[in-house]
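Colleague: This is what each chain is made of:
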Amino acid sequence: MSDLSKLTIAAARDAMRKGELTSVELTDACLSEIEGASALNAFVHNTPEIAREQAKAADARRGADAPDMNGVPVGIKDLFCTKGVPSQAASGILEGFRPEYESTVSGKLFDAGAVMLGKLNMDEFAMGSSNETSVYGDAINPWKNDDRALTPGGSSGGSAAAVAADLCLGATGTDTGGSIRQPAAFTGITGIKPTYGRCSRWGVVAFASSLDQAGPMTKDVRDAAIMLEAMCGFDAKDSTSANLAVPNFEAALTGDIRGKKIGIPKEYRMEGLPAEIEQLWADGQAMLKDAGAEIVDISLPHTKYALPAYYVIAPAEASSNLARYDGVRFGHRATLDAGDGITEMYEKTRAEGFGAEVQRRVMVGTYVLSAGFYDAYFNRARKVRTLIKQDFENVFNEGVDAILTPATPSAAFGLGEAKSADPVQMYLNDVFTVTVNLAGLPGIAVPAGTDASGLPLGLQLIGRPWEEGDLLNSAYALERATGFVAKPIKWW
Amino acid sequence: MSIDIDTARKVAKLARIKVEDDALPALATEFSNILGFIEQLNEVDVEGVEPMTSVTPQRLYRREDVVADGNQPKAVLKNAPDAREGFFAVPKVVE
Chain A
501 MSDLSKLTIA
511 AARDAMRKGE
521 LTSVELTDAC
531 LSEIEGASAL
541 NAFVHNTPEI
551 AREQAKAADA
561 RRGADAPDMN
571 GVPVGIKDLF
581 CTKGVPSQAA
591 SGILEGFRPE
601 YESTVSGKLF
611 DAGAVMLGKL
621 NMDEFAMGSS
631 NETSVYGDAI
641 NPWKNDDRAL
651 TPGGSSGGSA
661 AAVAADLCLG
671 ATGTDTGGSI
681 RQPAAFTGIT
691 GIKPTYGRCS
701 RWGVVAFASS
711 LDQAGPMTKD
721 VRDAAIMLEA
731 MCGFDAKDST
741 SANLAVPNFE
751 AALTGDIRGK
761 KIGIPKEYRM
771 EGLPAEIEQL
781 WADGQAMLKD
791 AGAEIVDISL
801 PHTKYALPAY
811 YVIAPAEASS
821 NLARYDGVRF
831 GHRATLDAGD
841 GITEMYEKTR
851 AEGFGAEVQR
861 RVMVGTYVLS
871 AGFYDAYFNR
881 ARKVRTLIKQ
891 DFENVFNEGV
901 DAILTPATPS
911 AAFGLGEAKS
921 ADPVQMYLND
931 VFTVTVNLAG
941 LPGIAVPAGT
951 DASGLPLGLQ
961 LIGRPWEEGD
971 LLNSAYALER
981 ATGFVAKPIK
991 WW
Chain B
125 MSIDIDTARK
135 VAKLARIKVE
145 DDALPALATE
155 FSNILGFIEQ
165 LNEVDVEGVE
175 PMTSVTPQRL
185 YRREDVVADG
195 NQPKAVLKNA
205 PDAREGFFAV
215 PKVVE
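One line per chain: the protein sequences are A and B, in this order.
According to this note's numbering, the stretch in the first sequence is residues 501 to 992, in order.
According to this note's numbering, the stretch in the second sequence is residues 125 to 219, in order.
The hints are simulated quantities; they were obtained by calculation from the structure and are not laboratory data.
One or more of the hints may lead you astray.
[Unchecked claim] Here are the in silico distance ranges between beta carbons for each label pair:
id, chain 1, residue 1, chain 2, residue 2, range
1, A, Lys990, B, Lys202, 54 to 60 Å
2, B, Tyr185, A, Asp647, 51 to 57 Å
3, B, Leu184, A, Glu898, 26 to 32 Å
4, A, Ala782, B, Arg183, 40 to 46 Å
5, A, Arg824, B, Leu184, 39 to 45 Å
[Said to hold, decoys possible] Reference excerpt, derived from the structure (chain A facing chain B, CB under 7 Å, subset only):
id, residue
6, Asp783
7, Val812
8, Val864
9, Arg882
10, Phe913
Quick reminder that beta carbons are idealized off the backbone N, C-alpha and C, glycines included.
Build out the structure end to end from the sequences listed, making use of the hints.
Modeller: Here it is, written out as structure tokens:
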């Protein structure tokens, strides 16, 4: 019974279609796994009643015509507003908030028959790379290499831990600078951030609106294709949503990448990159070459400036987006002293409700947007962003189909090990992923091997805009070549 | 660029986040570190480069200017910390 939660989405779909498995059975198996996994702190609001009800409805709908996600139990990152269910972006300032509406992405999944098991841990407002800024406490990586508790990465740390530990079949994540791909790499699972505009941002708590994208986190590439297809599509409620048809991503998975041109950017060969990651990257290139792809050296000259540009643009947009948390319309309001006016109410509410990293980023954003600094910081960063995007356009114009890079500069690190350090050190986790958000491109992290201590490591593939199908197919070829099947040993 | 304590205080005020005086020196140091990291952008030649204002080269989607939703005051006020008589309530703003 308990093995059911280990199924992939594709396997569960096929078994349910054949009548060999019901969604109720599958959902119950996941719920009991979740109950036994509180040590991971992945699920932070459980919704077993909703899950069982949705599972029953899915079983009633079962059949050859049912959508692919019908009856599939998933976890939803706490950043997504889910109607009537706590949705607080792992922040104290949204404590008690129960949305009166459903985010477009979660709504699409439920329309396709998916079952919600609960809400997943994350960094507060998706600001972090280790899930340590959450008001719910740290999510824990199911992988271990000694007695230490390791980070599952962030910000989608709960989603990554839940999928890697087989608590659910798939999970939603969001990615502003690497928040799907870095935790996927740290936990040995697959995560794709689609092209900016593919998934509606409506009802997803906003961090940096020009960078945020939702995407699936799954056990393999096929599942990523299936779940992504159910999540994306045009939405009139998001003015940056792309009015494009959604292709059948799973049908793109032929595994044939003969003649594809895969670019290897020399600027990603960073100083101090661990030898194991260098090796993983070289192995990945060799595998794609064996599969018939052509490996070409490319240059993305402005790569070095992506992180500093990101740490202007993302905080600037966050300071604007998070201005809405004022203690008036939703969430926390500070208790006021006699004589306190509205300014004191704002200041106390935000000081109490926001954690340290969120406060830091809101204030940095406020600074770079303030009179006298707007041009020097914000506008300069946006110009550098134009150059970063042009770098990618140039290599794609030269015929490159996808770009292969490491997903992260290290394997998962110990919780608490980076916490007290300089915030800038934590920001370096996103060095390989953040360029993709700045350029609005699709990127996918695929597990590709382990380090010497047995922790998973991932590779990233970056694709052309709107060509997620082609990107997923390259990822599928890589997945087949690496043959990564390792799973964490259950200790929780 | 080094951020002094007065600048840190001013930024906290602009962001409407209460920061106690004794926390300002540490905050100023953190800002200085982060801004030091950002200063690298000054190495880039951005002469004649347009700032990116749209991620994908598409015009913002526009729709007919018609009412598509509304008339839900209860739902709108449902999560308010203090709602009275169909309004959001806040401390006195006008003397």
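Colleague: Does each hint hold? Answer for all of them.
Modeller: Each hint, compared with the structure:
no. : hint                            : verdict
1   : Lys990/A x Lys202/B: 54 to 60 Å : violated, 41 Å
2   : Tyr185/B x Asp647/A: 51 to 57 Å : holds, 52 Å
3   : Leu184/B x Glu898/A: 26 to 32 Å : holds, 31 Å
4   : Ala782/A x Arg183/B: 40 to 46 Å : holds, 43 Å
5   : Arg824/A x Leu184/B: 39 to 45 Å : violated, 20 Å
6   : Asp783                          : violated, 32 Å
7   : Val812                          : holds, 6 Å
8   : Val864                          : holds, 6 Å
9   : Arg882                          : holds, 3 Å
10  : Phe913                          : violated, 20 Å
In summary, the numbered hints that this structure violates are 1, 5, 6, 10.
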